[in-house]
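These protein sequence lines are chains A and B, in that order. Residues in the first sequence are numbered from 52 upward in steps of one, following my numbering. Residues in the second sequence are numbered from 31 upward in steps of one, following my numbering.
None of the hints are false.
Distance condition first, Cα-Cα at most 27 Å in a straight line; then the derived DSSO-like pairs of lysine-lysine: (1) K149(A) to K168(A); (2) K163(A) to K238(B); (3) K319(B) to K163(A); (4) K56(A) to K255(A); (5) K181(A) to K168(A); (6) K118(B) to K104(B); (7) K253(B) to K319(B); (8) K73(A) to K110(A); (9) K95(B) to K113(B); (10) K238(B) to K162(A); (11) K149(A) to K320(B); (12) K180(A) to K319(B); (13) K181(A) to K163(A); (14) K56(A) to K271(A); (15) K237(A) to K271(A); (16) K180(A) to K238(B); (17) K320(B) to K176(A); (18) K162(A) to K149(A); (19) K176(A) to K162(A); (20) K238(B) to K176(A); (21) K253(B) to K320(B); (22) K238(B) to K181(A); (23) K162(A) to K320(B); (24) K277(A) to K237(A); (25) K236(A) to K168(A); (26) K180(A) to K320(B); (27) K104(B) to K93(B); (28) K176(A) to K319(B); (29) K320(B) to K163(A); (30) K56(A) to K73(A); (31) K319(B) to K149(A); (32) K290(A) to K255(A); (33) K255(A) to K271(A); (34) K181(A) to K149(A); (35) K181(A) to K319(B); (36) K238(B) to K149(A); (37) K113(B) to K93(B); (38) K71(B) to K104(B); (39) K320(B) to K181(A); (40) K238(B) to K168(A).
Don't read these hints as lab results, they were simulated from the structure.
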Amino acid sequence: MISVKDVDLIFETNDGPVHALKDVSLEVEEGDFVSFIGPSGCGKTTLLRAIAALEIPTKGHLTVNGKSPDDARIDREYGYVFQAAGLYPWRTVEGNIKLPLEIMGYSQTEKKERIQKVIELVELKGFEKKFPWQLSGGMQQRASIARALAFDANILLMDEPFGALDEIVRDRLNSELLDLWMQTKKTICFVTHSIPEAVFLSTKIVVMSPRPGRITDVIKSTLPNKRELNIRDSQEFIKIAQRVREGLKSGHQDEVL
Amino acid sequence: MKFFNFIYSLFFRSNFFPIVFILTVIGIFWYLIAIPMNTEKVERKFKNLNSTEKIIQSWNLEKPKLPTPHQIVKEIVNTVFFKKITSKRSLVYHGWITLEATLAGFFLGTVLGILLALGIVHNRAMDLSVMPWVIASQTVPILAIAPMIIVVMNSVGVTGLLPKAIISMYLSFFPVVVGMVKGLRSPDQMQIDQMRTWSASSNQLLWKLRFPSSVPYLFASLKVGIAASLVGAIVGELPSGAIAGLGARMLAGTYYGQTIMIWSALFTAAFLAAFLVITINFIQNYTLKKMAILT
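All chains, full assembly: derive it from the sequences and hints.
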């Protein structure tokens, strides 16, 4: 699905080059829910942006659905959810979801059907005609996810979509996202800096560390695909969380040496 | 109780009281200043007046150095309401001539400003080269350019509205360029990236994101632009020996020492400007409310 091989990405800044990604290799398979976790500056967002062709790797090989990232972008193979909902204030919820469909030239009836479908999927029924400022932060983010789901992309790239929300809303959206993933069978890449979030959601956790940004551990989750929130109290969950924590710590030690 | 509330909000919640207060202060100041400014003329005209009579005369001269507000108001009322609007002595007639040129120039300036802004935002060469010229154009005094535009256009047979509209455009395109460049660039990187992930064309990026984002900036510019347009139209009437328009009226006033005529034209121009700005403000509030940007 997504294949990353020996990717290096260097930003040229005024203070000299910054090694954002170094020797990053990763395979994401169809139907995976992959989380990227690490402290800020570890390149997790950069990696996601490189997959989305918003950054260009300096070296290495990257394919999305067997195509170059830019071709995948042009063919609209993925939906991207940013940290901020980024809804247009002059459009209603419905209008915002319609935006990518307008751009991609869907027919009038198809637009209507798809909007209807995703609004039900993210549980925003009854809010179609509301403007973004009339919604809470969590609802705005749901609208933003609906917007990314509205067109036929089998990959969903999410960059800390719940980072700005409080924990209660976040828990709720996490379980909703899991349901959504089960229903739509999309491949999801999810950037986060929360260990419980990463362990709860993922089938595969990619632990990253900074300076230079690199992968220190890839953990395949042993949890079942169908999960309830209380799975976070189970022994298995705690064990995986521990391994993530250790991965994060070891990345830090490398830096000291 | 209701009445009391109305009075209360009139004085303490709205800007009615402050405006009336400032106007009163200005009025008192004006009448005081008019006394010493016009005394010389009064003394030349009348002999043996006591000081009260002198003051009253100084406020009611036919050709005073400084006319008083009631004289100006009387002249405006007289020339606006009691003259046929086709008459050369009607301020409505002159105001309309100037308004025509103002609106034409404002339209041209807005179109030119938006086109230049689009060029600057979409074309790197224009981004690097156009803005310094736009700024330079505004550092040249309009009074120096206006006669040349009139003369040059006259020599190719273009007279009347268009030369004035061009001068008006020259002043009004500037705020539109500046505001629209800022407005078209107001979407943040995330919103532009978002459009990229949908592989939107640059046309779609313009019409669906950049242009709607720029609307509040556009209106702010239009308000400055329309006032500048009016100034341009009046300046355009000064050097051309024009016989109609508020500018021509001011010019005629200075030729014949008709200060009341100058001031009444001046005030009419000011009211016209206020009316135009308020109109744009109204359209702005309506549009932004409709777009749900202003809530």
